[in-house]
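In the order they appear, the protein sequences are chains A and B. Heads up: take any position in the first sequence, counting from 1, add 1452, and you land on the numbering used here. At position 47 of the second sequence (counting the first as 1) the number is 27 in the numbering used here, and the numbers step up by one without a gap.
Bear in mind the hints are in silico, worked out from the structure with no lab data behind them. Because the structure is a prediction, the values reported are computed rather than measured. There's no promise every hint is true.
[Said to hold, decoys possible] Some chain A residues close to chain B (C-beta under 7 Å, calculated; not the full set):
no. : residue
1   : Thr1454
2   : Met1457
3   : Ala1464
4   : Leu1526
5   : Ala1562
6   : Val1565
7   : Gly1566
8   : Pro1669
9   : Ala1673
10  : Leu1708
11  : His1709
12  : Gln1711
13  : Ala1713
Yeah, the Cβ is synthetic: ideal placement off N, Cα and C, and Gly gets one too.
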Amino acid sequence: MTSSMFQLILMAVVTAATPLILAAIGELVTERAGVLNLGVEGMMIMGAAVGFAGAYSTGSTTLGALAGILAGTLMAALFGFLTIALAINQVAAGLALTIFGVGLSGLLGAGFVGLKRDNPGQIHIPGLSDLPYVGQLIFGEDAFVYATLALVAGTAWFLSRTRAGLTLRSIGDNHQSAHALGLPVRRTRFLACLFGGGCAGLAGAYLTLVYTPFWSPGMTAGRGWIALALVVFASWKPWRVVLGALLFGGATVLQLHAQAASFGLPGQLLSAAPYLATIFALLLLSSGTRRSAAAPAALGQAFIAPR
Amino acid sequence: MKKHLLKIALLSAAALMTASAGFAAEKLKVGFVYVGPVGDFGYSYQHDQGRIAMEKALKDKVQTTFLENVPEPDSDRSIEQLARSGHKLIFTTSFGYMEPTLRVAKKFPGVKFEHATGYKRSDNVATYTAKFHEGRYVIGQIAGKMTKSNIVGYVASFPIPEVVAGINAFMLGAQSVNPDIKVKIVWANTWFDPGKEADAAKALLAQGADIITQHTDSAAPLQEAEKAGKLAFGQASDQARFAPKAQLTSIIDDWSSYYIDRTKAVLNGTWKSKDTFGGMDADMVHMAPYANMPDDVKKMAMETAAAIKAKKLHPFKCPVLDQDGKAVECKDGKALTDAQITSMNWYVKGIDEKLPK
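Using the sequences and the hints, build the whole thing.
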């Protein structure tokens, strides 16, 4: 395999994994605070539509990304209001949020269908980006990839090393005790929820700004649901999200390359490979000894303050 | 596809309102049901262009309504809504509407239904589809002339007869001008997922393909080709806006003349349930402007398209050899029959890959 082909394939894997990492890391924080938001797909596609609209109208990729983050955050705020302030069932509200987001994005994005933008391009560091095999892979990705990794590092640090992170986790594990200790359960959950929405919005914007730079209704094509599965796969640990996303994106991309290279494997089986990999990984995880410690104990439970 | 439920409800309400307004004018009310958004610049967009053309051609006599983004499993009530609100002719434009259309048609014997790409008919349900494979033959020839690497990348959706016939017609066209050409096929196993379609195109480009063609619905593969400085063909409608430097041409589904004819038939009282399988001769398939190619290739493509239109050339003219080099049974002597084409589940000679079953 030549150096350029090696990098081409691995870079395609990174591109496929990036939106999954973004959406999943946001949902991970939301879930660690005890809120299960099944509306990732809806928030993501809103980010995709509004992100593209913003970038197209202003001509700036950065402003587009910010618009996408804002759209996802607003969707999450709606979800937060319903489930945290009004204590509505989280599963029902999350599913409704997805249906709502998919519909609303079609409406808002209608005027932007059939338009295209140029790909913002990759970073280039003279010398380093030109190294064989790994140069472009490590030093020549688009800016979103580095931002995503920084976000994961920041999240991992926040959750495990800061007092606020400890507060968030304790609220996710036992909101009644946290409340009794005087911790702000609702406020923390609402903020965690907003963070999840912002990340999902950015993940959507990545699709319309970098991955395939145009807007088309329904183009998230189920990535929000994969992100949800990744959080479980990662057993609520930030860096494992990266691993899972690379595995998932890798299996998808590699099966396409295997087909193109005529390895003679049936396409449907290859398409199922990532899902098989996920099931296998889940099996491995659940056969481990510490599985009960993985999920936040209060996940999905509505908090109503005792009077 | 649970999207746009609200929109459907609003449109249905609008349909009801126009229904009451319509009686005074005594116009024929014609309804359309689309699976995607009219702004998809692909399949549903082309059906809507047909509706607009029909309304223009018969503007004093008809009034049209369309419902977009109608999910297939949940289409009964949308179709019924149209029938209830006084529409006398209803076009349902996706394969998945087949059973719902038949169910609703049973309840409204006075209403005529037209179902696209299906195969089940009744007294008031006709079916129609287009010979997209004729266009595939033309683009195959263009690819045969334009490729330098002799490798063409094909992003396919699902191994159903329509797609397989498309691949075969493409290959036969390509072989007619370039016997050494190879086609590499990647099954994306989706009709629409821009990200995955783009990744499939990337994989094909990495394997040395210098022309990309697709049977999936987004413009992503075309854009990947443009980015890589290679060539490609659009899908379902003219997609040059996405890739002005890469698009050679595009196979365009054109439903205008069919919609005009069938609406006229209802107006004249001559409408009958039947199956229509029209191609270039019926103006149901034609080609987008030829671009990014030298004049001689352009001339060849135009001549081929003209010959197919004049029925002088059949993409599946006999003998057609299967992958093992065995001649396929030629039922009507000169070319494969329509029935053989619409049930195709084998590759022609020259395709090295195995068809997924």
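Quiz prompt | Per-residue hint verdict: glutamine 1711 of chain A, partner chain B, C-beta under 7 Å | solution = Holds, about 4 Å.
Quiz item: Close enough to count: is the Cβ of histidine 1709 of chain A nearer than 7 Å to one in chain B?
Solution: Result: holds, 4 Å to nearest chain B Cβ.
Exercise. May I ask you to test the interface hint for alanine 1673 of chain A with respect to chain B, counting a Cβ-Cβ separation under 7 Å as satisfied?
Key: holds, 4 Å
Quiz prompt | chain B contact restraint for alanine 1562 of chain A - C-beta distance below 7 Å | solution = Holds, about 6 Å.
Self-check item: Given hint methionine 1457 of chain A near chain B, where the shortest CB pair must fall under 7 Å
Solution: For methionine 1457 of chain A, the interface hint holds, since the closest Cβ of chain B sits about 5 Å away, which is under 7 Å.
Quiz item: Under the criterion of a CB-CB separation shorter than 7 Å, is valine 1565 of chain A in contact with chain B as hinted?
Solution: holds, 4 Å
Quiz item: Does the CB of leucine 1526 of chain A sit less than 7 Å away from some CB of chain B?
Solution: violated, 18 Å
Quiz prompt | Minimum beta-carbon distance criterion (7 Å), proline 1669 of chain A to chain B | solution = holds, 5 Å
Quiz prompt | Interface hint status, alanine 1464 of chain A versus chain B (Cβ within 7 Å) | solution = holds, 5 Å
Practice problem: Against chain B, run the beta carbon of leucine 1708 of chain A and see if the smallest gap drops under 7 Å. | Solution: Interface hint status for leucine 1708 of chain A: holds (4 Å vs cutoff 7 Å).
Quiz item: For the hint on alanine 1713 of chain A, does the least C-beta distance to chain B fall short of 7 Å?
Solution: holds, 6 Å
Self-check item: Supplied contact hint for threonine 1454 of chain A, tested at 7 Å Cβ to chain B
Solution: For threonine 1454 of chain A, the interface hint is violated, since the closest Cβ of chain B sits about 10 Å away, which is over 7 Å.
Hint violations for this structure: numbers 1, 4, all remaining hints satisfied.
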